[in-house]
Amino acid sequence: MSVPLSRRRLLGLAGGTALALTPLGCGGGGGSGQYSQPKGDVPAQYRKRQRVVIWYPYTGVTGEAFNRLVGRFNESQQDVYLEAQFQGTYDEVAQKLAAGLQARQIPELCIFSEVSWHRFHLNQTLEPLTGYFTDGFSPTEYVDSLISEGTVRGEVWWVPFGRSTPLFYYNRDMFAKAGLPDRGPKTWDELREWAPELRKLTVGGRAPRLHAYPRVDGDWMFQGAVWQWGGNYSRGMEVAIDTGGAVEAGEWQRRLIHQDRLAYLAESPRVDFTNQLIATLQESTGVMTALTREAKFSFGAAFLPEQKAFGCPTGGGGLAMLAGAPKERKEAAFAFVRFAARPENVAQWSIDTGYLPSTKAAQQTPQLRQLFAERPGYRVAVEQLPKTRAQDQVRLLVPNANKAIYGGLQKIYADNQPAQQVFTAVAEELRRNAESVRDAVARYS
Amino acid sequence: MPASEAVLPADDTALPRTGSDSAESDSAGSGSAGTGRAGTGRAGTAPGNPRTTRTGRRARHRRRLREYALFLALVAPNFLLLGVFSYWPVVYNAYLSLTEWDMIAPVKRFVGLDNYVDLLTGGEFPGVLRTTAYFMVGVVGGSLLLGLAVAVLLNQRLRGRGLVRTMVFAPHVLSGAAVGLAWLFIFDPNYGLSRFLFELVGADSPAWLTDSDRALPAIIVVYLWKNIGFCAIVYLAGLQNLPKDLYESAALDGAGPWRVFRRITLPLLSPVTFFLTVTTIISSFQAFDVIAVMTDGGPGGATTILSWYVYDKGFSDFQAGPAASGAMVMFAILLVVTLLQTRYLERKVHYR
Amino acid sequence: MTTRLRRFGLHLLLALLGVLMVGPLYWLFTSSLKQSADIYTFPPVWWPGSLRWDNYPEAWRAAPFADFFVNSAVTTAAGTLLEVTNAVLTAYAFVYLRFPGKRVLFAVLLSALMVPGHVTLLANYLTVADLGWINTYQGIIIPGAASAFGAFLLRQHMLTIPTEIVEAARADGAGHLRILYRVVLPLSRPMLITVTIVSLVGKWNDFIWPLIVTNTDTMRTLPVGLLMLKQADGYVNWGAVMAATVFVVLPVLAVFFVAQRHIVAGLTQGAVKG
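Here the protein sequences come in this chain order: A, B and C. Just so we're aligned, residue 17 is where the first sequence starts under my numbering, counting upward by one. Just so we're aligned, residue 138 is where the second sequence starts under my numbering, counting upward by one. Just so we're aligned, residue 227 is where the third sequence starts under my numbering, counting upward by one.
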């Protein structure tokens, strides 16, 4: 191990290290107002263009579709190059962005989930978009219920992108073999009654189970369940997860898992569904295309089952712009927002993924009409849309509320703790965290 | 990181040595620095010439200053880096632990000891400490016991023991993230090895990582798999260094192997055991990557040990206050461990 | 007879131990060569019927592993070089140079060992952010470039070098840096190798810091990239994820088999001689 160390090199090395550290003494770049752009790779043919960056959470089939959309955008452009950077799950995108804001290094565009965009909005880090809608492009082109979620006091802060609702998927082959009707159950109790028939089947050496709950992000689907049982996560900003319907829904699921042994907590219910370990699945509309590709059986899609009432939340993504970037980069970035809202692009994105078509015009495109005719599953999501509603405020506005709730659900699913006990603790945490944003919510929303 | 972290306290175990030879080091320092002693020698040979002595002294003085400067130049980068990235963070972290800050807002709100009060009085933190304690007992106790057993086995004259020693040690150097992924697939109740092993005895595989009661044991198993080799290798070296004559006299006394092991081997190995206890405690406190890949601290907080808590609060919840105060608690615990270690070593020195 | 039985039993135990330790790695390597169908199947396939090498290029394409490799190599090499250089210079200074209050300084150096990485995480992130080093090589490398333990080990070793040798070199008129390079370093070779390898392995496997400090694929290191791939493809394409895991594991295993002796020597150093 003879590293040739000459005196000069040795001193150079030591000096270099010391030199590299000197900015610390002057306070570094932290104080200035400038935000830098995350580094990346620009292909040679795009080097001369204005580079803008978007952070996104899509993986697998959806990730490929997203990159195709970005690719088409870059081909369509003369001046702008958009670089798509994958950051992990929705939550991880938000985490990286928060860390990036701290480090003053941010992308121009970012795709948030419905639980994180408010946090950045309340912290005044998002760019108001209304002023960018020019040349005949208007917010009214989006589906009203979707764009309204991103509009606060008349100002558009994010546009719908990759919006979804949960859907109920079922294994049609299994249902047929078990002698069950080819439809989703009307109520959860009906589904439970179907269990004995399904349990008689054997697939891959085992009797399939009825259902599985996801380890992470189960709180989105559970928002629907809470409504179905007549409860709420919160009424306005008043936390209600420790009362009524929420607790009943939790208890019902707990019984299904621990007493009936018909369901379980899964790493990925979707993978278990494609491998026929479970007969039914609640998942985002956004996995429709992936499921179609992965499943070796025929599956159906249906509205969510009811219990006391129908309840289905909207969810999924929003496309927002960061306020910190310089003006010319923001202008350039909006070109992508515009591009992604063109009817043919909205339609293609929906076809590629299963996400809801977010503009009115897209729903009338020949591509989507044809898809709806050929694959009724895609239509179900669009038909269910008018019945859905925005989620209870606490989940949307309180930082980390989603984690607190799905963490609580894990305790019910994996540890068989009584729902009341779990949700009492969750409610306490939510109330505490709600305090930290109460003023900001009153001011900005 | 694990490799270097794991070996940390070796220095402290060797502290008595450090103590005894630091004097030696000083003499070696001035001796080998040479100039000092050589200068004196020269002055001695020419006692009659006051000018030489004075210039000699001045030269010596200059040389000494130059030596000081060189010393500073050599250690400065290291100390600068340590200052910025090891010492300062502790101070800064202590400050952060007294604030409420979401890491986005421009100002940190000073809240005094509120974060500590919150930690200790309610919510999840007592549970985190309990989980950490289980985890530590499982990993530290398990690594030591199994490591010793493996070392004793490897110390027998058996064919293939060299190969097995390599196999046992290999996991220790692997990336925790990679190891976590490999085991994720082993523990999977539907597609993994676990299902096969359990169906051999006609049972359903437990859903290891999605079951609150089993997730922590599963994580412990992975860390044991990773750690045993290290403990075994160190114990083995200890066993091979034991004085042979004691055993010979014990054999003459007709003591059975178990008795010999308990009466002679174990006590003689106690410094090694102590060293390993401290090292595994320190490295286990930093356990992170396997958990990040396998469970994210779940389900329901079942695998949230202190290190995960600090990361999760800081970098996923963006609650700097709780994260920093959790980190201070960890620091305090490790400080106590290190102090105990120093106390023990001092005692050992006195016995000598 | 009983001794033979006993020896047989011990060999059996030894074999079992070997299987337990290697089993998970075997499962990893074979899974990395399985088709999807072979992975999601029961009973498990012990040896994939047809080896699917495609998992490797697939993993390579699924995430920019070429970049991850370069990043890991650069940060590991530079980080190790800096850390070892720091260790050598510091150790030499403490052994061969006079300085007032040297002993106190040495205690200060050692006390850095008591600061666990998780305590520095948040503050270091903020420092590195202030420096504008997020998502850069220096951001990954510099915070780990100091050496306390390595410096300690090397110092202990240098103290065992007979003073006469160094004296002789000095009598020949050699300066400190020449002595360091020509005399002390060659004599410290085994310990230098140990310190280097421990640092090398530690940096290659480092996870939490690169995870926090990087945010684009162009800067991520292998273990972090692996986590990203798992998030993206985890349960859908296990073969590729396992193949990617092999990417991460293989180089370290190679180093390990070549340099096992030195690693063991280094790790057992302090423990047994204490």
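For the record, the hints were derived by calculation from the structure and aren't laboratory data. Any given hint could turn out to be false.
Stated by the list, open to error - Taking lysine to aspartate or glutamate pairs in the EDC-like style, the calculated list, with each CA pair at most 20 Å apart, reads:
(1) B:K245 to A:E206
(2) A:K55 to C:D398
(3) A:K216 to B:D341
(4) A:K419 to B:E261
Said to hold, decoys possible - Over 12 Å on every C-beta distance to chain A, these chain C residues come out as not near it, computed from the model:
(5) R233
(6) V245
(7) T256
(8) L277
(9) A289
(10) F295
(11) L336
(12) Y351
(13) G399
(14) T442
(15) M454
(16) K456
The structure displayed is predicted, hence computed values, not measured ones. Every residue gets a Cβ at the ideal spot worked out from N, C-alpha and C, and that includes glycine.
Here is how each hint holds up against the structure:
| no. | hint | result |
| --- | --- | --- |
| 1 | B:K245 to A:E206 | violated, 53 Å |
| 2 | A:K55 to C:D398 | violated, 53 Å |
| 3 | A:K216 to B:D341 | holds, 17 Å |
| 4 | A:K419 to B:E261 | holds, 13 Å |
| 5 | R233 | holds, 41 Å |
| 6 | V245 | holds, 25 Å |
| 7 | T256 | holds, 20 Å |
| 8 | L277 | holds, 23 Å |
| 9 | A289 | violated, 8 Å |
| 10 | F295 | holds, 15 Å |
| 11 | L336 | holds, 21 Å |
| 12 | Y351 | violated, 7 Å |
| 13 | G399 | holds, 15 Å |
| 14 | T442 | violated, 5 Å |
| 15 | M454 | violated, 6 Å |
| 16 | K456 | violated, 10 Å |
Consistency note: the structure conflicts with the earlier hints numbered 1, 2, 9, 12, 14, 15, 16.
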